[in-house]
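Given these sequences and hints, build the entire structure.
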Amino acid sequence: MSQHPPIAVRHKPEIHLWWFTALLIAVNVALFAWQVFNGMNISNPSPQDAIRWGADYAPLTFLAEPIRLFSSMFFHFGLVHLMLNMWALYIFGSVSEQLFGRAYFVVLYLCAGLMGSLLSGYVSIQDSYTLLEQGVANPKLLPSVGAGASGAVMGLGAALTIFALLPKLPRQKFLLDRKTLVIVMALNLGMGFMISGINNAAHIGGMLMGAAMALLWYIGQRTQ
Numbered sequence: 069m070s071q072h073p074p075i076a077v078r079h080k081p082e083i084h085l086w087w088f089t090a091l092l093i094a095v096n097v098a099l100f101a102w103q104v105f106n107g108m109n110i111s112n113p114s115p116q117d118a119i120r121w122g123a124d125y126a127p128l129t130f131l132a133e134p135i136r137l138f139s140s141m142f143f144h145f146g147l148v149h150l151m152l153n154m155w156a157l158y159i160f161g162s163v164s165e166q167l168f169g170r171a172y173f174v175v176l177y178l179c180a181g182l183m184g185s186l187l188s189g190y191v192s193i194q195d196s197y198t199l200l201e202q203g204v205a206n207p208k209l210l211p212s213v214g215a216g217a218s219g220a221v222m223g224l225g226a227a228l229t230i231f232a233l234l235p236k237l238p239r240q241k242f243l244l245d246r247k248t249l250v251i252v253m254a255l256n257l258g259m260g261f262m263i264s265g266i267n268n269a270a271h272i273g274g275m276l277m278g279a280a281m282a283l284l285w286y287i288g289q290r291t292q
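Residue numbers (the working numbering): 69 to 292.
Take the hints with a grain of salt, since some may be wrong.
To be verified - Here are the simulated distance ranges between beta carbons:
#1 ASN109 with LEU233: 17 to 25 Å
#2 LEU147 with PHE261: 41 to 49 Å
#3 PRO235 with ASN109: 18 to 26 Å
#4 LEU147 with LEU233: 47 to 55 Å
#5 TRP87 with SER114: 28 to 36 Å
#6 LEU147 with GLY258: 23 to 31 Å
#7 GLY258 with LEU283: 19 to 27 Å
#8 GLN166 with LEU233: 16 to 24 Å
In case anyone wonders, no lab produced these hints; they're calculated from the structure.
These figures come from a predicted structure and were not determined experimentally.
From the three backbone atoms N, C-alpha and C, an ideal C-beta is built for every residue, glycine too.
See below:
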């Protein structure tokens, strides 16, 4: 009887794909291209175009068209705005989708974006009320128009940051660099206070929701 060496079995390496992150990026890019094709300025869309394509405008959002809380997440004020948000979505999203799972990732993303839109609209109304009390009657100042994926993206960043700060789970597959995450999130939040034109209310709203949902997910994993 001849002797044969054992057959070497090669296991195909596990590849973690971030399908929903890629899909969200593709949807945002496709919508932006369609908007530009239909006459929107590629670098500096007008407030009228923003409202036309679903941006968050408090009087319409809260009184007649609450769908804007969702649609505003998929409109961007120019190509640079889109590119910055999509790059951040790629960085945070590809990790979040693997960590939290696709279903929870999608829920987290949408909830963070919706909370960002809600807080943005509320702050816009409060700012308008303050200006009116001061006797400002310029309609260009009241109220602001908000849009973009940054609230949802900041929610993902906050979720990863909270997760990195918590004790490691027994079945946790990889570790996150907590120092880098804290610095990146702090810089983004700080820039929102220092640079005009950044919708920091949306960022804060998204971060609060992202942090809360990460904590809930973590507690659920610990109790299993």
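These are the hints, each one checked on the structure:
| no. | hint | in the structure |
| --- | --- | --- |
| 1 | ASN109 with LEU233: 17 to 25 Å | violated (42 Å) |
| 2 | LEU147 with PHE261: 41 to 49 Å | violated (25 Å) |
| 3 | PRO235 with ASN109: 18 to 26 Å | violated (49 Å) |
| 4 | LEU147 with LEU233: 47 to 55 Å | violated (35 Å) |
| 5 | TRP87 with SER114: 28 to 36 Å | holds (35 Å) |
| 6 | LEU147 with GLY258: 23 to 31 Å | holds (25 Å) |
| 7 | GLY258 with LEU283: 19 to 27 Å | holds (23 Å) |
| 8 | GLN166 with LEU233: 16 to 24 Å | holds (19 Å) |
Hint compliance for this structure: hints 1, 2, 3, 4 are not met, and every other hint is.
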